[in-house]
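Please take these sequences and the hints and turn them into a complete structure.
From first to last, the protein sequence lines stand for chains C and G.
Just so you know, we're using the working numbering here: the first sequence kicks off at 1488 and counts up by one.
Just so you know, we're using the working numbering here: the second sequence kicks off at 253 and counts up by one.
Check the hints yourself; a few may be wrong.
[What the hints assert, rightly or not] DSBU-like mimics (lysine-lysine), calculated; alpha carbons at most 30 Å apart, straight line:
| no. | chain 1 | residue 1 | chain 2 | residue 2 |
| --- | --- | --- | --- | --- |
| 1 | G | 313 | C | 1629 |
| 2 | G | 358 | C | 1660 |
| 3 | C | 1660 | G | 313 |
| 4 | C | 1629 | G | 728 |
The hints are simulated quantities; they were obtained by calculation from the structure and are not laboratory data.
Since the model is a prediction, treat every value here as computed from it, not as a measurement.
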Amino acid sequence: MAVAFFYLFSTIIIASAFMVIVARNPVHSVLFLILAFVNGAGLFLLAGAEFLAMILIIVYVGAVAVLFLFVVMMLDVDFAELKQGFQKYLPVGAAVGIVVLAELGFVALGWQSAPSAHDAAAAPIVAGITNTAALGRVLYTKYFVFFQASALVLLTAMIGAIVLTLRHRPSIKRQNIAEQNARTRQNVIDIKKVPSRAGI
Amino acid sequence: MTMSFSYALAHHFLPEAILAVGVLALILLGAWRGARAFALVNELTVGLLTLAIVILMLGGKTEAELFEGAFIDDAFARFMKVLTLVGSLATVLMSVDYLRRAKLAKFEFPVLVLLSTLGMMLLASANNLIALYLGLELMSLALYVVAAFDRDDARASEAGLKYFVLGALSSGMMLYGASLLYGFAGTVSFDGIAKAITGAPPLGATFGLVFVLAGLAFKISAAPFHMWTPDVYEGAPTPVTAFFASATKMAAIAITARIVETAFPSVTSQWRQIVIFLSVASMLLGAFAAIGQNNIKRLMAYSSIGHMGFALVGLAAGSEAGVRGVAIYMAMYLAMTLGVFAAILAMRVDGRCVETIPDLAGLSRTNGVTAFFLAMLMFSLAGIPPLGGFFAKYYVFLAAVDAELYPLAVLGVLASAIAAYYYLRIVKVIYFDEPAPAFDAAPISVRAVLAVSTVFMLGFWLYPAPIVEAASAAAKSLF
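Here's what the structure looks like:
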């Protein structure tokens, strides 16, 4: 049963990954990408990694793919122009792709793990503890330094995005709530006595 | 347990901890003070980098593995970290004036350089595949941003984008190789991989090794993974190019040497072929492609490709003497590169940057001191004795000959003779051509970097012991 699902999910992933590239409509590409992610989550479930499966759905489908969709719909990118060189580069690209695929095929067919790796391959799912708890136990202890380094990588990405795109435009009028709230009758209303027939 | 762990942290992780905490404080300071913080953040960055160098040089001489073996602090890591930090320090010092004039004086620049430097330090100490990848990404991500720092300039944006796309591709290749290695060995640690390889490795593990080395070759811009280098070096702001050519190379060479020597010591014959190919291709490309260049930043890009080829000659030897040669080569290369980029930063006519070789014409008559320094650096880059660049080449070729790699050593000497042509052409332009318009007075920090690196190159043969001894200790710790 699990094997049947494995092949079902894998086939859908490969087919939808292919469609991501060839779909004419970029919105369809993103939707196929989401399909690939969901099936990837299915593969994780089959492997007993339910935490990773849910993270894949929440982060990749929920945030990343939706952001892609936003970008595709909001930005005026000429996708026809981007795909212009496709025909021209197809022969070279296909040749390189086929060579790499053949080589990877050899690697996969002749695959051998070191004898010492079999213990790790059989990594038992710890009994009586959920995936999430098991990850939590090592993430903040054994992998503490990696956790902090990843945080710095994300911080760098954030600073980079701000440096490269944020522009302060002095001419734009902005709402200043504190200033609005601080307005009182005394300092904004000026009562003038207008003498008759004189004007101001 | 906790006592000994905090002891280990204080003795072996202090420079990284200082940089990490310091950079967070500087971000807060910059966010609070806005544009006015530029000068202060720069000064504090210089202080942090200097502090880290002092701690590394005066700190313990013992070796330790931290965080369950993910991070290793040994003489090799310390040596390469000091070189990296010197590169970053010189970059920050030289960048202040350039950024002010280009209206790019934003506090994020020193912050990003610091973050990148932190990534490089983690990389130099990486002892397993996860640490390798995280260090590499922290370093690269900040580099992509600083390459495009002049965001309104089309060439800088192109440089940033090109570097980003190709960098993502190389990271992908490296991750794929790392996954194959993990699949083979069942562990990510370098020692574990070395233990798992008994006898001839199967195809899968060799493939992993090839992919990981391809990803690293991209970072050290060794041919044939050099395509991005000339465009990025030319397009990026000059202080950024200096950073790319100096600090980045130190960290990338450090991790390359560490991974081949600690994770694959028993299959030297497997990776040696790859390193020899990268080395020969880089040396020849660096020698021939630079001849036709007119832009000095592009010329330095090809020159750095060639120099990485020479450094890899030492690595190909696969011996302790070879790694010592690599360490000495990187120290010399760092000093020469920083000096030349200081001279390039001094190339300014009426406040405008010029960067072609004819602009240097007759520099000896308009600015004799700069001309002398630059000429000495060019002689050193060409490897003319008794300058530092000659000794750098001497140690790597010696190691190659000891390892009986005679054809590689001969090709290296030939490539270095060809490359001497374009270095000497610059000396000829400086001394014998009709003067071009004189340069403006350069800021003090730029002149200081130029003078210090030239004096170092000139005086190395008088007292080589500190560098050679430190490099010997560094090489010893890898074996």
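Flag every earlier hint the structure violates by its number, smallest first.
3
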